[in-house]
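**Student:** So the chains spell out like this:
Number of protein chains: 6
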Amino acid sequence: MSFNHREEHIDDQMLIMQANLDDMNPEWVSYIMDKLFDRGANDVYVVPIIMKKGRPGMMLNVLVDAGRLGEMEDVIFSETTTLGIRYIHASCHRLARDFERVDTPWGPLTVKAGYHQGKLVQFAPEFKECEQIAKQHQVPLKVVYDEVRRNFMEKQKLS
Amino acid sequence: MSFNHREEHIDDQMLIMQANLDDMNPEWVSYIMDKLFDRGANDVYVVPIIMKKGRPGMMLNVLVDAGRLGEMEDVIFSETTTLGIRYIHASCHRLARDFERVDTPWGPLTVKAGYHQGKLVQFAPEFKECEQIAKQHQVPLKVVYDEVRRNFMEKQKLS
Amino acid sequence: MSFNHREEHIDDQMLIMQANLDDMNPEWVSYIMDKLFDRGANDVYVVPIIMKKGRPGMMLNVLVDAGRLGEMEDVIFSETTTLGIRYIHASCHRLARDFERVDTPWGPLTVKAGYHQGKLVQFAPEFKECEQIAKQHQVPLKVVYDEVRRNFMEKQKLS
Amino acid sequence: MSFNHREEHIDDQMLIMQANLDDMNPEWVSYIMDKLFDRGANDVYVVPIIMKKGRPGMMLNVLVDAGRLGEMEDVIFSETTTLGIRYIHASCHRLARDFERVDTPWGPLTVKAGYHQGKLVQFAPEFKECEQIAKQHQVPLKVVYDEVRRNFMEKQKLS
Amino acid sequence: MSFNHREEHIDDQMLIMQANLDDMNPEWVSYIMDKLFDRGANDVYVVPIIMKKGRPGMMLNVLVDAGRLGEMEDVIFSETTTLGIRYIHASCHRLARDFERVDTPWGPLTVKAGYHQGKLVQFAPEFKECEQIAKQHQVPLKVVYDEVRRNFMEKQKLS
Amino acid sequence: MSFNHREEHIDDQMLIMQANLDDMNPEWVSYIMDKLFDRGANDVYVVPIIMKKGRPGMMLNVLVDAGRLGEMEDVIFSETTTLGIRYIHASCHRLARDFERVDTPWGPLTVKAGYHQGKLVQFAPEFKECEQIAKQHQVPLKVVYDEVRRNFMEKQKLS
Numbered sequence: 014m015s016f017n018h019r020e021e022h023i024d025d026q027m028l029i030m031q032a033n034l035d036d037m038n039p040e041w042v043s044y045i046m047d048k049l050f051d052r053g054a055n056d057v058y059v060v061p062i063i064m065k066k067g068r069p070g071m072m073l074n075v076l077v078d079a080g081r082l083g084e085m086e087d088v089i090f091s092e093t094t095t096l097g098i099r100y101i102h103a104s105c106h107r108l109a110r111d112f113e114r115v116d117t118p119w120g121p122l123t124v125k126a127g128y129h130q131g132k133l134v135q136f137a138p139e140f141k142e143c144e145q146i147a148k149q150h151q152v153p154l155k156v157v158y159d160e161v162r163r164n165f166m167e168k169q170k171l172s
Numbered sequence: 014m015s016f017n018h019r020e021e022h023i024d025d026q027m028l029i030m031q032a033n034l035d036d037m038n039p040e041w042v043s044y045i046m047d048k049l050f051d052r053g054a055n056d057v058y059v060v061p062i063i064m065k066k067g068r069p070g071m072m073l074n075v076l077v078d079a080g081r082l083g084e085m086e087d088v089i090f091s092e093t094t095t096l097g098i099r100y101i102h103a104s105c106h107r108l109a110r111d112f113e114r115v116d117t118p119w120g121p122l123t124v125k126a127g128y129h130q131g132k133l134v135q136f137a138p139e140f141k142e143c144e145q146i147a148k149q150h151q152v153p154l155k156v157v158y159d160e161v162r163r164n165f166m167e168k169q170k171l172s
Numbered sequence: 014m015s016f017n018h019r020e021e022h023i024d025d026q027m028l029i030m031q032a033n034l035d036d037m038n039p040e041w042v043s044y045i046m047d048k049l050f051d052r053g054a055n056d057v058y059v060v061p062i063i064m065k066k067g068r069p070g071m072m073l074n075v076l077v078d079a080g081r082l083g084e085m086e087d088v089i090f091s092e093t094t095t096l097g098i099r100y101i102h103a104s105c106h107r108l109a110r111d112f113e114r115v116d117t118p119w120g121p122l123t124v125k126a127g128y129h130q131g132k133l134v135q136f137a138p139e140f141k142e143c144e145q146i147a148k149q150h151q152v153p154l155k156v157v158y159d160e161v162r163r164n165f166m167e168k169q170k171l172s
Numbered sequence: 014m015s016f017n018h019r020e021e022h023i024d025d026q027m028l029i030m031q032a033n034l035d036d037m038n039p040e041w042v043s044y045i046m047d048k049l050f051d052r053g054a055n056d057v058y059v060v061p062i063i064m065k066k067g068r069p070g071m072m073l074n075v076l077v078d079a080g081r082l083g084e085m086e087d088v089i090f091s092e093t094t095t096l097g098i099r100y101i102h103a104s105c106h107r108l109a110r111d112f113e114r115v116d117t118p119w120g121p122l123t124v125k126a127g128y129h130q131g132k133l134v135q136f137a138p139e140f141k142e143c144e145q146i147a148k149q150h151q152v153p154l155k156v157v158y159d160e161v162r163r164n165f166m167e168k169q170k171l172s
Numbered sequence: 014m015s016f017n018h019r020e021e022h023i024d025d026q027m028l029i030m031q032a033n034l035d036d037m038n039p040e041w042v043s044y045i046m047d048k049l050f051d052r053g054a055n056d057v058y059v060v061p062i063i064m065k066k067g068r069p070g071m072m073l074n075v076l077v078d079a080g081r082l083g084e085m086e087d088v089i090f091s092e093t094t095t096l097g098i099r100y101i102h103a104s105c106h107r108l109a110r111d112f113e114r115v116d117t118p119w120g121p122l123t124v125k126a127g128y129h130q131g132k133l134v135q136f137a138p139e140f141k142e143c144e145q146i147a148k149q150h151q152v153p154l155k156v157v158y159d160e161v162r163r164n165f166m167e168k169q170k171l172s
Numbered sequence: 014m015s016f017n018h019r020e021e022h023i024d025d026q027m028l029i030m031q032a033n034l035d036d037m038n039p040e041w042v043s044y045i046m047d048k049l050f051d052r053g054a055n056d057v058y059v060v061p062i063i064m065k066k067g068r069p070g071m072m073l074n075v076l077v078d079a080g081r082l083g084e085m086e087d088v089i090f091s092e093t094t095t096l097g098i099r100y101i102h103a104s105c106h107r108l109a110r111d112f113e114r115v116d117t118p119w120g121p122l123t124v125k126a127g128y129h130q131g132k133l134v135q136f137a138p139e140f141k142e143c144e145q146i147a148k149q150h151q152v153p154l155k156v157v158y159d160e161v162r163r164n165f166m167e168k169q170k171l172s
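Quick note, the sequences are listed as chains G, A, W, E, X and S, same order. With the numbering used here, you'll find the first sequence wraps up at 172, consecutive numbering, no jumps. With the numbering used here, you'll find the second sequence wraps up at 172, consecutive numbering, no jumps. With the numbering used here, you'll find the third sequence wraps up at 172, consecutive numbering, no jumps. With the numbering used here, you'll find the fourth sequence wraps up at 172, consecutive numbering, no jumps. With the numbering used here, you'll find the fifth sequence wraps up at 172, consecutive numbering, no jumps. With the numbering used here, you'll find the sixth sequence wraps up at 172, consecutive numbering, no jumps.
Okay, chain G solo, but in the shape it has when bound (with noise of 0.2 Å):
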């Protein structure tokens, strides 16, 4: 069963906005990330740098839509201590993505599914779901994330 299906794109119209923070406390650093994700941002990630005088920084980053530069913005200046932020164009190339629900153990779970040029490329069990059942079960986690890819890949070969 499929319910979902995005065709495979590509999107010249990205942004990857940066900023350097090296003066801030880093246990703000998931909420301003959470922050970013629910205004619009496709991607956000930090990388561990090292700034001037060998301080220990963090580079934030944003992948967002070039029209989202404002209010992404909005949200680097009034939550990090940054006095910059600095942009670069970007082009996205992303697969047509599908969901499937596949038999386990524990009833049916999704698999996101990634598609280039019509061709299955990737599979990954949905972390949510994953993560409540092996709670539930009283199951590891690993444990299930074999088997739902398991039974994935025996869908797939009797399809």
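Among these hints, one or two may not hold up.
[Stated by the list, open to error] Within a straight-line C-alpha distance of at most 30 Å, the following computed BS3-like cross-link-like pairs (lysine-lysine) qualify: (1) E:Lys65 <-> X:Lys141; (2) S:Lys141 <-> A:Lys141; (3) A:Lys148 <-> S:Lys141; (4) W:Lys66 <-> A:Lys65; (5) E:Lys168 <-> E:Lys125; (6) A:Lys125 <-> A:Lys141.
[To be verified] Okay, the calculated beta carbon distance ranges per label pair: (7) E:Gly53 <-> W:Gln145: 41 to 47 Å; (8) E:His102 <-> A:Asp24: 52 to 58 Å; (9) S:Asp51 <-> X:Asp116: 47 to 53 Å; (10) G:Gly83 <-> E:Glu167: 35 to 41 Å; (11) A:Lys170 <-> E:Gln26: 46 to 52 Å.
[To be verified] Calculated from the model, a selection of chain E residues having no Cβ within reach of chain A, i.e. all distances over 12 Å: (12) Glu20; (13) Asp36; (14) Asn55; (15) Glu86; (16) Arg107; (17) Lys141.
Hints listed in this document are in silico derivations from the structure and should not be mistaken for laboratory results. Backbone N, C-alpha and C fix where the C-beta goes; we use that ideal spot for every residue, glycine too.
Assemble chains A, W, E, X and S onto chain G, guided by the hints.
**Tutor:** Chains A, W, E, X and S in isolation, oriented as in the chain G frame:
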């Protein structure tokens, strides 16, 4: 008291220069960073990376005005071991900056403030001054920072 | 088919040896790691660190039987640039290990399995074999891994 | 108002447990960390490392009371992919801790304070509470932190 | 003796391709890097990052001629677990390169030299050759490097 | 000319002290490292780590004689934000060290040499001196290093 004011602006003529270093004495890094700052780099930072054959390397990054590309290249080629430099075009959005003096038990100290669309969004004690006070008065650096920040906040409330 | 079995055990005579390197050509690291493994190190790994004056450094770590301390020191002092080595006492709890062969479309391949208190808790395809199959049959490495894991799981279900 | 007080003390029965992971899905890390905390770990953290053949790995670290070694091992062996765990003996010096409430524009909030030889040396707003206030009142998290810290400092001056 | 010479030049048709990996077996990384080099990548390196939910991830970076974008994408989509690749335009300034042979106690060995505006700015012994000599003659690798560098410097003085 | 000689020895009374910092301004790190060195630390270094809730943290490490534990704790508790310090016992094997002067085009410069069982295994130009020469004579730092190393090697050959 305010004794400096730079307007908020966007600079579209910036470059991010990068050189991957996998065969250089890491001891030289801070010297090279200082030299790049001296010659006009806006920012310099190092990213720990893993290069081919699993070598732990360093990616040197220089943020600089496009007009200074040649000067930066001269430093990087003469001081590091790289055989190539790559660069990408970037825009920088910089806040309006203001330096204010606040009273503290150890005399007046400077706070650097940042303004986004006319609104105060950042403020930070000047590291060098606080470091000097901490050494001179034998007081923890974090206590100096806290005191400067508290006094800046009090002053803002009154104004 | 099982052709090897080591008992689960705890070894209390292990050392963790550490040397901080801030002035060594990183290009030499993999050579040095290989040499330490050749001389009997149980594990060797490198931790990126920040040393005095903000130098990006590497902490070399060697896990080894206490009886081989001298041999490891000879390699580290002769091959790296350190002037000192520190070491701490450690215990190692190692799982029982078993190598099993599973059938795959590319012939039988090896899985390394780990047992804790008699129960299977780990299994992993042998990297070298999978890498060879991936190259020889022009198939993605991850596909080889998935297939080996799937077949191992099937076999477990039947037994 | 103080509603909790733990004495400053040294605990000599601690272990630092370590497992190097070079073949595990990094997606599972936070789940595993949470589980170790749930079972009584004092601290859990991950160190990015470079392992043999230049593999980017993670060293899982667990700080725990020696009496809980077995419980931690059960989690690590069942949830990660490691075939071995090493551990070293450690002592922990912990400050006296006190939770105090301070008034803020958003109501009373908690500050965790640390005392060394009877003297206040640390204080920090409780992250969870500040995060909640920031979301509820649509105010930057750093503003909440600053306000809590300022009020705690004021209160200290008066007492 | 010089047996190769490439002119110093700037190449404006380069791409930096990036894929963030937070759910991939790190064991596969060196295999994938090798494959990208085989298919024509100019450079490949991995940056340790922190992704959403605090996951330790890896950012794969590929520097490549714009004309090889499709080939690189095929490798990345088939061999990694990413659902998207981003790329940015970059220019590369590459030094003139020359390979010279110098006499050493173990026979002639190669030095790679780099020239900026006609002036020698870099020179480095060839790793593979030095590694082989170190193994064959049971001499520390750093001694081989030092000897090659010393002989190259002597030769430069005389010429 | 040799003007200093320390014997090769093993010191079994060392401690490795560690404090995890996830809520401290990284700007303070180098100040704190300097202070610990001033008070007698043998080595101080920082390891980038990932802490609970995916926070990017720093693990401060201090290598110090067991007799100075209290002094180091005073600095760490007063200058950082940690509520606890852990420490483990370690042994340090230190090479015999010798400082030698070698002639260079810029006058005599110092080389630090290390001896293992009476045999020269390490030598390194003194950073501070080379840095000063590089600045004064406007010559790349790496050229100064190369020249010092070459002259030291020549001298060794003759003696």
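**Student:** If a hint holds in the structure, say so; if it does not, say that too.
**Tutor:** Evaluated hints:
Restraint check for Lys65 of chain E and Lys141 of chain X: satisfied, since their Cα atoms lie roughly 18 Å apart, inside the 30 Å limit. Restraint check: the Cα-Cα separation between Lys141 of chain S and Lys141 of chain A comes to about 22 Å, which is no more than 30 Å; the hinted pair holds. Simply put, Lys148 of chain A and Lys141 of chain S have alpha-carbon atoms about 23 Å apart, close enough for the 30 Å limit, and the pair holds. Distance hint between Lys66 of chain W and Lys65 of chain A is fulfilled; the C-alpha atoms sit about 28 Å from each other, no more than 30 Å.
A hinted pair counts as satisfied when its Cα atoms are at most 30 Å apart, and Lys168 of chain E with Lys125 of chain E qualifies at roughly 14 Å. A hinted pair counts as satisfied when its Cα atoms are at most 30 Å apart, and Lys125 of chain A with Lys141 of chain A qualifies at roughly 12 Å. The given range of 41 to 47 Å is respected by Gly53 of chain E and Gln145 of chain W, whose C-beta atoms sit roughly 44 Å from each other. Restraint check, His102 of chain E to Asp24 of chain A: a C-beta distance of roughly 55 Å satisfies the suggested window 52 to 58 Å.
For Asp51 of chain S and Asp116 of chain X, the Cβ-Cβ distance of about 49 Å falls inside the hinted range of 47 to 53 Å, so the restraint holds. The beta-carbon spacing between Gly83 of chain G and Glu167 of chain E, approximately 37 Å, falls within the hinted interval of 35 to 41 Å. Checked against the hint of 46 to 52 Å, the pair Lys170 of chain A and Gln26 of chain E passes, with Cβ atoms roughly 49 Å apart. Non-interface call for Glu20 of chain E relative to chain A: holds, since the shortest CB-CB distance, roughly 23 Å, exceeds 12 Å.
Distance to chain A confirms Asp36 of chain E as a non-interface residue, since its nearest Cβ pair spans about 15 Å, more than 12 Å. The Cβ of Asn55 of chain E lies farther than 12 Å from every Cβ of chain A, with a closest approach of about 24 Å, so its non-interface assignment holds. At the 12 Å boundary, the C-beta of Glu86 of chain E stays outside the reach of chain A, the nearest C-beta of that chain being 29 Å off. The beta carbon of Arg107 of chain E is kept farther than 12 Å from every beta carbon of chain A, the shortest such distance being approximately 19 Å.
Listed as outside the interface, Lys141 of chain E is consistent with that label: its C-beta sits roughly 22 Å from the nearest C-beta of chain A, beyond the 12 Å cut-off.
Violated hints for the displayed structure: none, as all numbered hints are satisfied.
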